[in-house]
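Enquirer: These protein sequences, in sequence, are chains A and B. Heads up: the first sequence at position 137 corresponds to 137 in the working numbering, and the numbers run straight through without jumps. Heads up: the second sequence at position 238 corresponds to 238 in the working numbering, and the numbers run straight through without jumps.
Because the hints were derived from the structure by calculation, they are not lab data. Not one of these hints is a red herring.
Which bits of chain B does chain A cover? Going by a derived footprint, with three or more residues having C-beta under 8 Å, they are:
(1) 74 to 81
(2) 204 to 214
(3) 234 to 242
Every residue, glycine too, gets a C-beta built ideally from N, C-alpha and C.
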Amino acid sequence: MAEKVKEQTPPVQMKGGGMRGGPRVIGKVGKPDKATVKRLLGYIFKDYKFHFVLVIVCILCSSLAGVAGSLFLQTLIDDYISPLIGTESPDFTPLLKVLCVMGAIYLTGMFSTFFYNRIMVTISQGVQKKIRDEMFENMQRLPIKYFDQRTHGDIMSHYTNDIDTLRQMLSQSIPQAFSSVITIVSVFIAMVTTSVYLTIFVIITIALMMLVTGKIAGRSGKYFVGQQKSIAEVNGYIEEMINGQKVVKVFCHEDATKADFDRLNDELCHNAREANISANILGPVNNNMGHMQYGLVAVLGGILAVNGVGGLTLGGIAAFLQLSKSFTMPVNQISQQINYIVMALAGAKRIFALIDEKHEDDNGYVTLVNAERNLNGEITETEKHTGMWAWKHPHEDGTTTYTELQGRVVLDMVDFGYTEEKMVLHDISIFAEPGQKIAFVGSTGAGKTTITNLINRFYDIADGKIRYDGININKIKKADLRRSLGIVLQETCLFTGTVMENIRYGNLSATDEEVYAAAKLANADDFIRRLPQGYDTMLTENGAQLSQGQRQLIAIARAAVADPPVMILDEATSSIDTRTEAIVQKGMDSLMKGRTVFVIAHRLSTVQNSDVIMVLEKGRIIERGNHEKLIAEKGKYYQLYTGMFELD
Amino acid sequence: MIKTLLSRVREFKKPSILTPICMVGEVFMEVLIPLLMASLIDNGIEGNNGQGDLNHIYLMAGLIMIACILSLLAGFGGGKFGAIASTGFARNLRKDMFHKVQEYSFENIDKFSTASLVTRLTSDITRVQDAYQMILRIAVRSPITLIFSLIMAFSINAQISLVFLAAIPILAIGLFLIMTHAHPVFERVFKRYDKLNSVVQENVSGMRVVKAFVREEHETEKFKGVSKSIYDDFCKAEKLLAFNGPLMQLCMYGGMIAISWLGAQLIVVDNALTTGELMGIMTYAMQILMSLMMLSMIFVMLTMARASMERICEVLGEESTLQNPENPVTEVKDGSIRFRKVDFAYKKGGSLALTDVDLDIKSGETIGIIGGTGSSKSTLVQLIPRLYDVTDGVVEVGGRNVKEYDIEALRNEVAMVLQKNVLFSGTIKDNLRWGNAEASDEELERVCKLACAHDFITSFPDGYDTYIEQGGTNVSGGQKQRLCIARALLKKPKILILDDSTSAVDTATDAMIRKAFREEIPDTTKLIIAQRISSVQDADRIIVIEGGKIDGMGTHEELLASNEIYKEVYYSQQKGGDDNG
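Working from the sequences, and respecting the hints, build out all of it.
Expert: Right, here's the structure in full:
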């Protein structure tokens, strides 16, 4: 009977605790297209064929038991009770017999209900889990571009709202619809055999009911869509304002914020009210139309019977009345599920769109393997961890060559644009030898971060070549390429888990000692040990309990524990004070001795000791050389550098 | 708790009361209609000694029609008022919560995480809205149906109605057992759901890290683990709930058979019951069981909503730790700042973030503040616009204790550019006008030139009307900082605080901004927190702060001569932080 209750609560899609909200793209609740339905059913049939057949059989039994029950009630009085009235010694045996038969039928129905409910749980939860897992697995393979183009709230809503509507449909709407259809068909047959005329009348009134239902449902559908839109807006607004709450307070902007919120809130209230009203009145309207129909059938039947038209008996009318009641109920139930089904299909469509999204393509075939040198000094592949790595390069002629991983990175006349129309990098050429420290300097938006994003292939270049140890990076498997690059990003992202787990993220097989060593290197050991539970302190919400600088230190330790031949530091120390930075840098320098490091920084002091400093402007390298050379050139770098002393 | 929530019904009291009244009307009609139907069969179709009494049929059918229309009206009213009352209630709750959050001090805000506040304002309210509507409509309806139906059944025949007394306890005990077993599992599931969401959320926002470390499979495994545990728990809980249907059927079908048997005895042997009455009792039996089922569902919903209600009340009950004083001072005389023996701790009894700070800053001075990561630089300046209250000691602005001022007046004169700053979705103009809603376009341009933002703004195709995405993601970090500075300047404050606000701005631009400050707003007291010595070395005085204490104060030259920390920082930046440079 859960459906009954559900009908009172319109499907407001705002479940899920950890949701961050944000503006969501609410797909148009249009007509459910066939492909979506087919695909959804495919999930059920593929893994749960047997279960599903069993469910159908059980639903059939359960519905038929219900129909048998109402049919029995009509015959009970006429066939088993009335004949006994007035008899001298009434014989209750037939009644007892029929009651026993009914008991058996009921029992079958009961068990069927029980089984189909339980099996349906397995099916519906299983399908949900499968879709959920598939969605996540696919999401992991999407290119960074996908995440650039969408808000977080938008992607999150697939896991919260869309899956939620699906649950509603799978666990309730589908079995409900099945059982309703079976009931309708069997009752319809019983009705036709009783009286064709009355059946026609019932059909007409039910058509009328459907029409009214359709009108109301259409109206409510419109407002439900409006409600979803309003909810998304309110969510987005709340998220934005609460995120910026401190700014609101500093500017005494509370009243303006309240006024804006009230406007959105009132709009949501209006839409929610209208949607609820329509959903709420559907029940009483249908119920009472059913009652009215009952009365009208009685009158019509009475007239027919009294005038002897259509061979209708009085008992027949009574039976028919009961049947018509059993007929309208499932019709009502189906009509109430329509909203859910439409919404769930719209949700399913969005989910499938995510699953179908094109994966980050990877045609790389060069892989990274553990290597060692044999007696002849040749590089060979080995199972064990030797500390030496090599690129395994299979050739078309069947031979395989091994190239030692050294960290030589060459960019040759690279052009790149996030969109085809607008290039953000032009003619970038960089030669990074193993052991070199290459720095990028330039104003924000000059393209520094973009270059590093190309090296690890977050984005693919438009023109030119990037070679890694002499191999075109397009030939290297992305996973192996990235494994060979350590990176500390501008925006520090930590995961829920202990400090230990967060550092170990860089190298899942690192021992505790290796983690401590990495933390010491990043100068993070001290403050971590001073945390309440030391390395076992739980970090939540991206390490909200730490300062920006401390988060950066952990991120550096995370990259250090990976011990990569090439390291990219993108503003990795921007929030760390210069004294601490100096200590961290010393540690990094000793770690990266003989390896390649790319550094991006605003502070010139951070990059001063680099082997090569590239000065970027508007996507072009305008100056290159070491500190002394650039100072001597008296160009842009010189201006930036002296900018520090300009006011002396 | 209930009282706190109910006091928010306010203007929706009328529909809140009308809803149950309508529902009672509907129930009354619903109980009446089977009676009329029974009479239609007994006295109409089977009346007139089994010949059928058309007149009675007409009469009863007419009455049924009237009853239906009345019932329809009542149901309509109940549905409508219920919707108005519950959505209105939700609206008021949401409004009150949002407004309350606006009243929060920084200390209050720190207590709740952003995500938790958002959830409380959205999904929790929706759950309460549903529960409220449920109570107004069904919680009134079901018990009344139950009572009416019981009365009717007993009035027809008390003996046979005793069957109910047997069925009700069975149903009640069964439901109770199911609920008590399923509830804890459901509670666990919801927690797991939060975890699942947080895994997804972290992955979406940290996708670059995941990909950079090639942890896609690791994350997928993590996700599947949580996903599996949800699957297991949900299966467990819902399989328990699967007992609901059969239990209900057991009572219903069992009741039917018992009533049929007993009814037959009564009709045939005792002549104490008519067949029509038997049908009537059957109808009531259905209604009784249905309403019991409904009550059990409400019970489940309410337990689920209870957690949400508690979370909402927590927000509403949180009192702002900062209160406006009585007879507040609304005028800030000048931009002088004084700290007298100030101690500060973020938590009562917690460790001190600031200890024994004494400061004297004259109006119009430029003060630089330098210190290591976590040395409480930001904490110090946040006390000036009274974002937090001191734990001990006094902070004075313009010669008066900051606690004496009207908070708004104080903050209008003390403009602060926060370290973690935010731009809001809207045009650049919209964002700037946060500083001063009435500012003219010329005024906007002037402050943007001061903050060195004018040039890049005009380089955008839409200039000052460029739309800023949520969080300012479509402008660079340095541009964002300059817009934030311009926004603060628009307030024409007496005190301007920059909390590491030019860290992403290049040194030349940084110098230009400071030059503009010196020339254009000489009377404004300026406090500049920075990591770069170059950002502060031309200040009138520089404060070196270390571990929540003032380590030294003076001009660049003085500190260079006397302060070890300052010296160290200075040389580390001069020489590139390394000896091999």
